[in-house]
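> Line by line, the protein sequences give chains A and B.
Take 1285 as the starting number for the first sequence in our numbering and just add one per residue.
Take 386 as the starting number for the second sequence in our numbering and just add one per residue.
The set of hints was computed from the structure by calculation and includes no laboratory data.
Quick caveat: nothing in here was measured; it's all calculated off a predicted structure.
Incorrect hints may appear among the rest.
[To be verified] Computed from the model, here is a short list of chain A residues facing chain B with C-beta under 8 Å:
(1) His1338
(2) Thr1380
(3) Thr1383
Ideal Cβ placement from N, Cα and C applies to all residues, glycine included.
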Amino acid sequence: MADIEFPSVEWFQALADITKEDPTYRKFGRLNAVIVFKCGDKHISTNFDVLNIHEIREVGENARRDADFVIEMEPDVWRGMLDDIKKNGHASLDWTLNTLDLRFDEPIHRNELQDGFKADMFFRYNPSLQAFFDNAAKIPTKFVAPVA
Amino acid sequence: MATEARPEKYITTFQQLMEEGRKNGYRLDWLLPRETFGARLDSTPEAGGLLLQDIDRGPFAEIPDWSDNMTGRPRGSLTRANAARVGNYSVRTKADIWLKNASQLYEEAVQRQWSSAVDVPWETMEELPDDIERAECQLATFLTEVEFVAGDVPGKWISETTPDYYEPRMFLISQIMDEARHMDVFRKRAFANGGGLMSQTTNVALSGGAIDSARDFTEMSARLHISGEGLVLSIFRMGERMSYNEAEKAIYRLAASDESRHVAFGVMHLQYLSQTDPKRKEEIHSYLDEIEMGLVAGTGGQNPAQRGTPSNAALAILLGGGSDPASMMEGEQIALAVRQRQVKEYVQRVKVAGLGERFENGRANATLAAYVSA
C-alpha cells in the first residue's frame, strides 16, 4: 500500500475500512456518534453508525457544531500518537486517547455547544475509538504539515 | 424497519380454529390477533440487530403517564381480571423514572458487556515497586467497596418500578451487572500482582449513607448517577492515565465506558423530568445543593484531590509515580487538575439536564464556580 497523507479523507477512509473488519472493534462497536477530527486547519467528519463507519468528508469549521464531539490535537501530538501506534502496534501507556485527554490544560475532546451528554460520548465510546486508532498501525502514513 | 405481510393462509387457519372452538365449546378468544400481527420485523447485524426501540409499535409503544399496572403485566399485553397483585410498585409516574433513550442505553449496555477474566490482558502485569503496588491495592480496595454500593443502590428501585416502564428498569438491571463486574475486576486487580485487599474506606458517606437513604428515585439518580458515578468516572479516567501496564489500561478504559453510560442515564432522566414536570425542579435543585456541598467539601468522597483518605493518598502516589514527598506533591497537582475537569463536566451535565439556571442565578456553590473559572 502506498503512503497515505495524514490528515486526509483518504487516510480516515483507509482506517475505517480496516476497522470495520476488526473483531476488537466489532466487540465494542455499538457506536452512534458523528465525530469531527481536527488537525491544524483540517476538519474531517466521520459518522460512526453502529458497526458502519461512513460519510467521511472534509468539512468547514462551522460543522463542528453539528458533531457530537470534536477531537482536536496539535499536529505534533497527532504525529506523536500515530508514531507510537505504528511502533507498538497499538497506543502505548502514554499515548492513549484518554491519557492525551488528561495530559494538557484543555481536554482533546469537546462538544462545541457545551452539551455534556454529547461530550460524554468520548468516554462512553472510548474502547471503540481506541480500537479505531490502534488500527492506524496498519496504515503507511505520510505526514503533511497542516496550517495550525 | 421493513415489514412483510403475513400470508393469507395464516388468517384463514385462525378463522377455522375459532370456528372449531365455537363448535366444541372452547374459549379461543385469547387467540385474537393483536394490532401488530401480520407484520414481520427485519433486522441486520450492521444496523445493530433487532433492538428494543424497533419493537416499540402500536399499543405496545404507548407509555402511560401514570401506571395502574400492579400485576406484572407486560406493557401492551391484555389484562386478565383475576391476575394477582404481585407488585406494590411505588414508581408509577412516568416523569419519576423515564428518559428518552433508555432502550438505546440498555442495548448499548448489553452489547458492550466484557469479561474481567478474558478481556483484560492480565499477563502484561509485571512486578511493580512496592509503594506503587501497595497504592494499586489500596485503590482497588476502595473501588471494590464503591462498586458494591453502586450495585446495591439501584437494585432496590427495580422491584419498585411498574413493568410499564420496563426500559429504565432493564437499564438498571444492566447497571447492576456492570457494577458486579467492576467489583470483581478491582478485587482481582488487588490480588493479581501478588497483593491483596487493603483498608476499608474511612469515609462513612462514601459507603452509601446519603445515596442509599434517598427517598425518591430521582433523588437517588441525582446522587448516584450525576454525582457518585461522575466522581468514579473521573477516578477511572485517572486510573487509565496512571496505569503501569496494559492490563490496568484495559480495566480502567472498559470500566470508564460503563460508568459514563450510567452518568448518561442520570443526565437524560433529569432532562426528561425537568421538561415534563418542571414543578419538581426546585426539589431537584435542593438535591444539587447538597451534592455540590459534598463536591466542594469532599464529604461524600467526591474530591479525589482531597487529602487524608487512604484512597486519595494512593491516587497521589500512583499519579506522581512514587511515595516520596516530591512525587506525591506532583500527584496531588495532577489530581487537582483532574478535579477541575470533573467539576466542569458536572456543570455541563447539569446544564444539559435542564437545570443550568443555578449557574446563572448564583445558586450554585461558589467554590464550584471558582473551579470552573480556574
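> All the hints need checking, so say for each whether the structure fits it.
Each hint tested on the structure:
no. : hint    : in the structure
1   : His1338 : violated (11 Å)
2   : Thr1380 : holds (7 Å)
3   : Thr1383 : holds (5 Å)
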